[in-house]
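Order-wise, the sequence lines are chains S and D. Using my numbering, read the first sequence as starting at 2 and increasing by one per residue. Using my numbering, read the second sequence as starting at 6 and increasing by one per residue.
Hint data in this document are derived by calculation from the structure and do not stem from the laboratory. Note that the structure is predicted; figures quoted are calculated from it, not measured. A couple of the hints might just be wrong.
Unchecked claim - DSS-like, lysine-lysine: derived pairs with alpha carbons at most 25 Å apart:
no., chain 1, residue 1, chain 2, residue 2
1, D, K222, S, K315
2, D, K176, D, K166
3, S, K83, S, K96
4, S, K318, D, K166
5, D, K222, S, K321
6, S, K269, D, K166
Claimed, not checked - Covered stretches of chain S (in silico footprint by chain D; criterion: 3 or more residues with CB under 8 Å from a CB of chain D, positions within the stretch not fixed):
no., segment
7, 24-35
8, 116-128
Even glycine gets a Cβ: it sits at the ideal position worked out from N, Cα and C.
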Amino acid sequence: MAPQEPPLLLVGTDFRCAPIELRERVSCTGEEAEHALVHLLARPGVSEAFLLSTCNRTEVYLQPQDEDEAYHTALDLIFLDKAPELERPGRLYVKRNGEAAHHLLAVASGLESMVLGEPEILGQVKQQAALAEHVGSTGPVLRRLLRSALTAGARARQETAITSGAVSLGYAVVELARNIFTGLEECQVLLIGAGEIARSVARPIVERGAKELKVANRSQERARQFQEEIPMAQLLPFDERLGAVATADVVIATTSAEEPVLTRKQLKEAMASRRNRPLLVVDLGVPRNVEPSVTRIENVFLHTIDSLDLLIQKNLKRRKEEVPHVEEILDQELQHFRSWIRGLEAEPIVAQMQKQAERIRQHELAEALSRFPPETHADLERLTRSMVRKILHHPSTQLRGRGGHHDLSRLDLVRELFRLDDENQS
Amino acid sequence: MITFLDTANLLLPLLYLGTAIAYGFVFFAAHPTASRLATPALRGTVLFHLVYLAALAAHHRQFPAATVSQALSIVAFAVAVVYAFVEWHGRERTTGFWMVSLVFFFQLLSSVLTRPNPPDRAIFHDPFFATHVSLALLGYAAFVVGAAYAFLFLQLYRDLKAGRFSTFYGKLPPLEVLERMMIGAIWVGFLTLTGAVATGAFWAERLYHSAWLHDPKILITLATWVLYAVALLLRRLQRWQGRQTALASLAGLGAILFSLVAVNFFFTDFHGFL
Numbered sequence: 002m003a004p005q006e007p008p009l010l011l012v013g014t015d016f017r018c019a020p021i022e023l024r025e026r027v028s029c030t031g032e033e034a035e036h037a038l039v040h041l042l043a044r045p046g047v048s049e050a051f052l053l054s055t056c057n058r059t060e061v062y063l064q065p066q067d068e069d070e071a072y073h074t075a076l077d078l079i080f081l082d083k084a085p086e087l088e089r090p091g092r093l094y095v096k097r098n099g100e101a102a103h104h105l106l107a108v109a110s111g112l113e114s115m116v117l118g119e120p121e122i123l124g125q126v127k128q129q130a131a132l133a134e135h136v137g138s139t140g141p142v143l144r145r146l147l148r149s150a151l152t153a154g155a156r157a158r159q160e161t162a163i164t165s166g167a168v169s170l171g172y173a174v175v176e177l178a179r180n181i182f183t184g185l186e187e188c189q190v191l192l193i194g195a196g197e198i199a200r201s202v203a204r205p206i207v208e209r210g211a212k213e214l215k216v217a218n219r220s221q222e223r224a225r226q227f228q229e230e231i232p233m234a235q236l237l238p239f240d241e242r243l244g245a246v247a248t249a250d251v252v253i254a255t256t257s258a259e260e261p262v263l264t265r266k267q268l269k270e271a272m273a274s275r276r277n278r279p280l281l282v283v284d285l286g287v288p289r290n291v292e293p294s295v296t297r298i299e300n301v302f303l304h305t306i307d308s309l310d311l312l313i314q315k316n317l318k319r320r321k322e323e324v325p326h327v328e329e330i331l332d333q334e335l336q337h338f339r340s341w342i343r344g345l346e347a348e349p350i351v352a353q354m355q356k357q358a359e360r361i362r363q364h365e366l367a368e369a370l371s372r373f374p375p376e377t378h379a380d381l382e383r384l385t386r387s388m389v390r391k392i393l394h395h396p397s398t399q400l401r402g403r404g405g406h407h408d409l410s411r412l413d414l415v416r417e418l419f420r421l422d423d424e425n426q427s
Numbered sequence: 006m007i008t009f010l011d012t013a014n015l016l017l018p019l020l021y022l023g024t025a026i027a028y029g030f031v032f033f034a035a036h037p038t039a040s041r042l043a044t045p046a047l048r049g050t051v052l053f054h055l056v057y058l059a060a061l062a063a064h065h066r067q068f069p070a071a072t073v074s075q076a077l078s079i080v081a082f083a084v085a086v087v088y089a090f091v092e093w094h095g096r097e098r099t100t101g102f103w104m105v106s107l108v109f110f111f112q113l114l115s116s117v118l119t120r121p122n123p124p125d126r127a128i129f130h131d132p133f134f135a136t137h138v139s140l141a142l143l144g145y146a147a148f149v150v151g152a153a154y155a156f157l158f159l160q161l162y163r164d165l166k167a168g169r170f171s172t173f174y175g176k177l178p179p180l181e182v183l184e185r186m187m188i189g190a191i192w193v194g195f196l197t198l199t200g201a202v203a204t205g206a207f208w209a210e211r212l213y214h215s216a217w218l219h220d221p222k223i224l225i226t227l228a229t230w231v232l233y234a235v236a237l238l239l240r241r242l243q244r245w246q247g248r249q250t251a252l253a254s255l256a257g258l259g260a261i262l263f264s265l266v267a268v269n270f271f272f273t274d275f276h277g278f279l
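Sequences and hints are given; from them, build the entire structure.
So this is what it looks like as structure tokens:
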């Protein structure tokens with residue numbers, strides 16, 4: 002380890018290394034994570050521990066006292082006991098020190114996510130950092146690293162476009178609606194079909210606060226299943242779908258019907274009855290559910306799986322272009338973390354300096370006090386304390402690295418100048 | 006004073022150009038430095054423009070709309086003020102590049118067409134003149150703003166229709182908002198132009214009897230007024246939607262430019278001031 006590198010060890014697996022069957026076996030619920038952290042801390046090789054477990058990754062970050070022991074503890078306790086298949090080459094990754102710190106910052110910023118820039122990961126890191134804090138498994142080093150990771154994640158979201166633009170079908174529909182209508186909160190959505198695609202598209206729409214969601218489906222049983230999953234949905238008989246188009250702002254068709262469920266003629270009539278207000282029509286059906294010629298109707302915006310895919314690819318490309326900007330943020334935050342680590346190395350020397358100065362102060366004061374009247378003793382005590390504090394303030398700050406330039410040779414020089422090693426021995 | 010007016014006449018298009026470039030960086034690249042600079046640059050330039058117009062009025066002792074150049078400068082100023090207000094009120098800067106580019110274009114035309122000695126006619130000192138001209142210029146400025154929103158509306162409309170997601174997609178306010186802004190600006194322009202036409206007709210009838218009706222400038226202005234009236238009427242009757250109204254608004258801008266520049270230079274003497 003380089004002398005000023007953070008002492009860290011990371012062992013983990015993610016979607017790139019292991020299939021879902023293995024990932025789900027090593028994934029931890031809150032209670033399991035709490036249990037695992039307590040067990041990790043009980044081992045003598047581990048000083049601090051943090052466990053990050055999501056559907057796409059399980060990672061354990063340790064501040065080791067004995068790196069070899071810490072590694073084997075994490076490997077057995079978190080991974081191999083539950084999924085021995087992970088022992089095969091390439092299923093796990095191990096990172097150390099600065100590389101491990103950089104990895105956590107990259108994870109929190111969404112750079113390591115399956116969908117680049119996925120915003121949920123920041124909340125997950127925050128939640129699991131709180132759990133580790135609650136258990137008491139994080140000490141000064143991991144606590145500071147987590148703070149850097151959360152800052153990096155928040156900055157990446159605020160200062161770059163890494164999370165911007167929709168990258169899933171449902172959010173792509175939301176994005177299109179937001180480009181047409183003043184707010185999704187005012188939009189009425191009609192879903193024709195209640196299958197798996199309909200559900201996956203409906204979830205983000207409901208999450209983003211659509212005013213109303215109506216579902217027209219041929220099978221009432223399937224529609225009821227849909228309603229159980231998304232209770233705000235209002236069910237309609239399939240034949241009433243055309244009447245609902247008149248009041249809807251967004252229509253999404255997801256059936257597997259052989260014939261179009263919306264024809265140009267039907268939509269033209271519906272548009273007349275809705276006074277030609279804009280209408281977003283999304284056709285996700287196979288074969289197509291909406292006659293392609295509806296695009297010729299004024300104020301009807303027809304989108305298919307192809308145009309949504311184009312939008313998603315465009316947004317992903319934009320996110321990829323943001324990666325170098327996020328990396329800059331990670332470098333800055335990592336630099337702050339490293340400075341803090343360097344400051345930690347100076348801490349024992351600062352403490353020794355202060356102890357030595359205090360001993361001298363007390364010695365000199367004890368000799369001098371007898372020569373002064375008793376009513377001045379409190380003032381002399383205050384005065385000497387203040388002098389010592391002020392004399393040591395600047396050197397202490399510099400040593401902790403707040404001044405920016407110091408290295409180990411400077412720490413050695415301070416030890417020699419103040420004879421701190423002799424002081425320690427005495 | 007003359008030195009200041011000459012310098013300001015040269016500086017104003019350059020300042021608007023610089024501001025438009027800053028807004029361009031905001032629109033196309035979301036550049037952080039440009040984001041910080043654009044709004045103060047616009048406000049500073051608008052303030053400088055106001056000082057210039059006041060100095061122009063003080064120097065010539067008349068309302069500064071005695072020439073095409075002065076009228077264009079007032080239109081540019083009014084558009085800049087309207088946009089600065091919209092930006093401040095709606096915290097919406099994505100349309101800044103297009104608005105300020107138009108302002109630059111109008112001010113550039115104004116600076117190029119400047120004449121050293123504007124005519125000094127008796128009517129220019131009549132308070133009725135100031136009212137008539139102010140209403141007309143305010144109307145033109147509102148139509149210019151409406152045309153800018155119409156242009157942006159059409160770009161986003163085409164992107165959303167064709168599913169091609171060009172540079173405009175994702176950077177503009179929603180289609181409904183652009184349409185509302187466009188219609189609002191057209192209504193303001195239409196009402197103020199109606200006021201200008203009414204005051205002008207009353208005043209001209211008093212001074213020139215019916216001879217004024219044959220002036221090409223007035224005929225073009227009336228045609229422009231009819232174009233906007235028809236657009237608003239058809240919209241009200243649900244016959245026209247946003248796209249058709251936007252196209253009419255762009256046609257109206259063409260008519261306004263023709264009326265402000267070409268007609269003044271080639272067809273009219275009577276309406277030489279505007």
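Status of the hints after comparison with the structure:
no., hint, in the structure
1, K222(D) <-> K315(S), "49 Å, violated"
2, K176(D) <-> K166(D), "16 Å, holds"
3, K83(S) <-> K96(S), "21 Å, holds"
4, K318(S) <-> K166(D), "22 Å, holds"
5, K222(D) <-> K321(S), "55 Å, violated"
6, K269(S) <-> K166(D), "16 Å, holds"
7, 24-35, "violated (count 0)"
8, 116-128, "violated (count 0)"
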